[in-house]
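Student: So you can see what is in the structure, the chains are spelled out below.
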Amino acid sequence: MREPEVTFELALQHGLTEEEFERIKEILGRNPNFTELGCFSVMWSEHCSYKNSIALLKTLPRTGKRLLVQAGEENAGLVDIGDGLAIAFKIESHNHPSAVEPYQGAATGVGGILRDIFTMGARPIAALDSLRFGKPDDAKTKFLLNGVIKGIGDYGNCFGVPTVAGEVYFEESYQDNCLVNVMAVGVVRVDRIAKAVAKGKGNPVFIVGSATGRDGIHGATFASEELTEESETKRSNVQVGDPFAEKLLLEATLEVIKKDLIVGIQDMGAAGIICSTSETSARGKSGMRINLDLVPLREKDMNAYEILLSESQERMLVIGKKGRESEIIETFKKWDLNCVIIGEVIEEDKLEFYKDGKLKALIPASSLVVGGGAPVYYREYEKPEYVDRLQRKDFNDLPKIEDFNKAILKLLSSPNISNKSYIYHQYDYTVGTNTVIIPGCDAAVLRIKNTNKAIAVKTDCNGRYVYLNPRRGTQIAVAESARNVACTGATPIAITNCLNFGNPYKKDIYWQFKEAIEGMSEACKIFDTPVTGGNVSFYNESNNYAVYPTPVIGMLGLIDDINFITSSYFKNDDDVILLLGKTYNEIGGSEFLKIFFDKVEGEIPDIDLYYEKRTIDTLLDLIRRGLIVSAHDVSDGGIAVALAECCVMNRKKQIGAVVNLNMDFREDFFLFSESQSRVIISVRKSDLEKVVKILKDSEIYFKEIGKVGGDRLIINDIINLSLKEIHNAYYESFEKIFG
Amino acid sequence: MKFGVVIFPGSNCDYDTYYVLKHMLKVETVFLFHKDTDLQNCDVIILPGGFSFGDYLRTGAIAKFSPIMKEINEFAKNGGYVMGICNGFQILCESELLPGVLTMNTSLRFQCYDVYVKVINNKSPFTSEYQFNEVLTMPIAHGEGNYFIDDDGLKALYDNDQIILKYCDQDGNITFDANPNGSVSNIAGICNKSKNVFGLMPHPERCSEQILGNTDGIRIFQSLLNNL
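Chains as they are written, first to last, in the working numbering: chain A, 1 to 739; chain B, 1 to 228.
DEER-style ranges, computed between Cβ atoms:
id, chain 1, residue 1, chain 2, residue 2, range
1, A, K582, B, Y113, 33 to 41 Å
2, B, E74, A, K358, 55 to 63 Å
3, A, D137, B, Y113, 20 to 28 Å
4, B, K22, A, D561, 21 to 29 Å
In case anyone wonders, no lab produced these hints; they're calculated from the structure.
The model shown is predicted, which means the values in this text are computed figures rather than measured ones.
Glycine included, each C-beta is placed from N, C-alpha and C at the ideal position.
Okay, chain A solo, but in the shape it has when bound (with noise of 0.2 Å):
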């Protein structure tokens, strides 16, 4: 074959700016080759270089004293917990592969994520899945939230790691554009930490794991750009899981770890060879010369432009000690995994590529990566001019909802509120037996064997509030899933993001954008929550209309003790049902009013970010004290659908409750605000006064609302529903619309 003369025009068909094309025949002094050019595209492409987002992210908190890595320098963050042990965790998008290929697409990002975990030297313990789709009903929605889950679910199951924590939630912004971000969490042993890097003269560099095939060729390219009808045709760019591989080449990767063979390992994702050679030279300060007909492959005749562009899954780049490589290949056959020595880690800032004994690409490591050669722009921004038109406080004008039963149980119904069993009950969220609390409660709970402690896992972004104020929605979305883990008991640490947004190169876009960075970062301080990294996907968009900026927010939390882990749901009779935080008249942006009115406006609920810190800090205080039997966090569907969460969460005992509500406005609006910083807690009766003691020190705001008990939830005389109509709205709805 002949290769395409490299020209202006095709460099503009590969996804790059003029100016990009400029700078690149600068550093090379030279025109670029048809497969130097192909390196540049992928890794300069916005999934690759953060070209347009790096600048803002490096404004984010990003240090913190258990921070073993700083955000972007690994695969993934890393969290000291003490007992010599780390905990590894990320969260990553895999929204336009699942948006063509569901199955395939969410299979591939599980898979990704994995890999950014266990290249840590860490072993997975936990996946977590934040999906958004469409219409709830509409045959697209439900083809690609079956095939979603299906993929999530065979990969992470035949892996092994249990998925045990997530949040679905569904929008018309994101019909043409559905959401995919899964985030993973490892253990580590300190000591035994793997690094990225390549460096050494004459240490040897491998690829180890599957053979190279043709998929995912300009994956990162293809994530880099709206989605449009010809999208279909980009199917072809989407790479196909083999679970089972990774499954084998976590294990060989582990065991080349823990015998210190190896000097760095990445995995290859995005932009294959090209990415994982240039990231690890660059980080090495070396270079490598690398042969590319030892690339085992899988497809014949494939050229170098193929081979470095590969994205074809469960494949590694390993840098071994030299001397050791037979070791090293021993290891990966007793796993039957390929494992091939390509090439060598050389001293000069240069990567070599040759092919049939002919230089094929000779390009600096470090012209091609983050924080090296990789442009940074900063974008221009303004404000949409649907902000302020959607922002109205008053909603009186609507009319009254009179029947609360029907009002509560159509919200417990709704797609978004209705528990997901549906969803986790294809996942195996008990396989590696360290799930103390399950799916369907505030956060997942995990206990780390041979210590006593757990950590905490949650994601969180309410989309529609960060429409309506991206830099406030952005900081509820960090203080909810710092609730969410403090109910269960754990300290909230640190956190991970993945950043679904429009196109950047939108003013409106990217305000939105800019806005929530700074929103993350004022919550993140607050909370003493350090950012340890993430991933931004932009272009989230089709048929000229964006998604909900939607920043998930992966947070992690630590339980010092065992013991003192606690769940959401009403345990026993006569328990005494406080709540912590004031309910305000806020409407604006709930489920409440998109449910019953079809609304996504007004303002959204306001936050005070030191008084929410203060809250989680004496919520641990007491549950560390032993004085709380439950705490839920109040968020969707507001105090109502709280209390019946609480009722019926344990699937085998459910419990009823009494409440008395001061509503001193609208009932409807009361019942249903979505008012941030509130905890429903129960105590036993005779802690009661030392836990209003600790509450009244820590000026928290709180009321005693009522008592657990019985078969039924009675709010005043306005709601009297069995556990029974609770359980089949709660239940039963999601898998009604899907199953």
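Got chain A; can you put chain B on it based on the hints?
Tutor: Positioned in the frame of chain A, the structure of chain B alone reads:
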């Protein structure tokens, strides 16, 4: 007394099972690799759950060709205790150490949650620590747990008291609704004629610790210990 937990490529409950034996019951336990041919003098061999060889052809169908399976066959024929959990049960059926087959759940979906099972036979060496007809809570996590055997085979199972566990409701009733996967006769676990080979779909190793909220499973391992 020594337990061996077999690691097939794709096993993923191997560590979980090992952990219960080694750290909860404090018995000597070793891993056996599928390519091994030495059972290291183990008294009990456990085939753990997971997706051996990816379960790409048919669950357990490739694992039965692993070198270690030849040894395990011999071991079982000589009366050695062998237990298969989930994928391990599937491998035992494929290897014909247990009768019947495990096919796709009737829902055609993977299913993970707690189920109730009833101890139909507490005279086996795997269940002697339970009461007859005791109702246990145990987690399942499988896509192919639908046990099938023909009528003659089923009759033989009944005649020889080979049915150990059946899916039931909270009160111990063996009902259609309590059957999570479509198994014939609500069967959740069976043994061979000579009662030294046992397979079950639920995961006892996932309910053997207080911290996990359920210890109903640990008595399976304790039963074995007491029978050795």
